[in-house]
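J.: Single-letter residue listing:
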Amino acid sequence: MTRHDLRELAVLTALAVVLGLVHLVLRPGLPLLAAPAAQCSAGEPAAVPEPIESVIDGGAR
Amino acid sequence: MSPVPGLQDMSSQPSLWQRAAWPARLVLAGVFLAAAAPKLADPAGFAAAIANYRAFPEALVNLVATIVPALELVGALALLTPWRRGGALLLGALLLGFTALLALSLARGIDVACGCFGAAADQAGASDPVRPRHLLRNLGLLALVALTLGEPRPAATDVR
Chain A
10 MTRHDLRELA VLTALAVVLG LVHLVLRPGL PLLAAPAAQC SAGEPAAVPE
60 PIESVIDGGA R
Chain B
1224 MSPVPGLQDM SSQPSLWQRA AWPARLVLAG VFLAAAAPKL ADPAGFAAAI
1274 ANYRAFPEAL VNLVATIVPA LELVGALALL TPWRRGGALL LGALLLGFTA
1324 LLALSLARGI DVACGCFGAA ADQAGASDPV RPRHLLRNLG LLALVALTLG
1374 EPRPAATDVR
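Those protein sequence lines, which keep their order, are chains A and B. Residue 10 is where the first sequence starts when you use this note's numbering, and the numbers rise one by one after that. Residue 1224 is where the second sequence starts when you use this note's numbering, and the numbers rise one by one after that.
Looking at chain B on its own, in the form it has when it is part of the complex:
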């Protein structure tokens, strides 16, 4: 028992970090579900968007175009389950990859459509060429991943 009255109650209260974690998970899940759906619906369009980056061997473009949205979908859904830490790690790794790809395109001066939310979004009158703001957006999403990883593991799955 704590010698200071009320101290134990305070320690059982969720911290501000923990309170911010679940809205962060919801936002992350929503963003990645919204990103995965159009890519899964039009993999050929997304494959074309990926090919424009000229960062992958041509033979692997279709493979990447179908596996990346599946990774986004599985990671986003995992955030809503007790496997949220694994989902957050998966989305964090994806975000690091996307950020590196965007930075590479900016450094090489290639004017390509982002393709971040599928090819249809780029063709729907709102072409979204890669710009530094995309890097900032990804850094913001990485901050949400960090918030999610700061949340303690659910007790039911705490297997060591």
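Chain A on its own, in the form it takes in the complex:
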């Protein structure tokens, strides 16, 4: 592997990254950085997990 090979690799990689980013920007409905899945919507209280004891006892307590 020569320096010329590495230079070609770097140029091709940069070209592909630019192409990929342009494709991503032009593509509607696909955000650049995917937001993590929301646990709850705004204004809605977050779901509180059921205490483990109530699950074990079948809700007897």
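Output of the computed footprint for chain B on chain A, the stretches with three or more beta carbons under 8 Å from beta carbons of chain B:
no.	region
1	10 to 19
2	25 to 38
Partial chain B-side listing against chain A, Cβ under 7 Å, derived:
no.	residue
3	Ala-1267
4	Ala-1282
5	Thr-1289
6	Ala-1293
7	Leu-1294
8	Val-1297
9	Ala-1301
10	Gly-1309
11	Leu-1312
The hints are simulated quantities; they were obtained by calculation from the structure and are not laboratory data. On a predicted model such as this, the values are computed, not experimentally measured, just so you know. Quick reminder that beta carbons are idealized off the backbone N, C-alpha and C, glycines included.
Take the given structure of chain A and dock chain B to it, following the hints.
T.: Same frame as chain A, now just chain B:
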């Protein structure tokens, strides 16, 4: 001039390795073009396939899903140009990454669709879960990359 008649002619003949290099390049280019096209057409589906591997942060999945097919496309097209050595290195690096990802999934026992040829191929009735044969296929493709790299650089681009 060679003291042995005919020796110079023999040395100018392409070796078996060199003769095998251009079909190897064609096969590699065809495989990676076929892999890139459906991913570029349906990046959201490919992003979902990548997310199933659980190997990347969720925030980067879309970025990876669009850059990987672009790398495949550029590498495959470069194989058909004088920049073939750079293209072969690019595809070789991609193949090493894919192979590591597949091996990781097999080791973790995650039953995911390969997504190797886009999400549509996995959904078209032929779900293609990751299996050891995918590793063997990638090793075969890496052998084709090695053949391509064994080919001498075209004289026109031999800049040192």
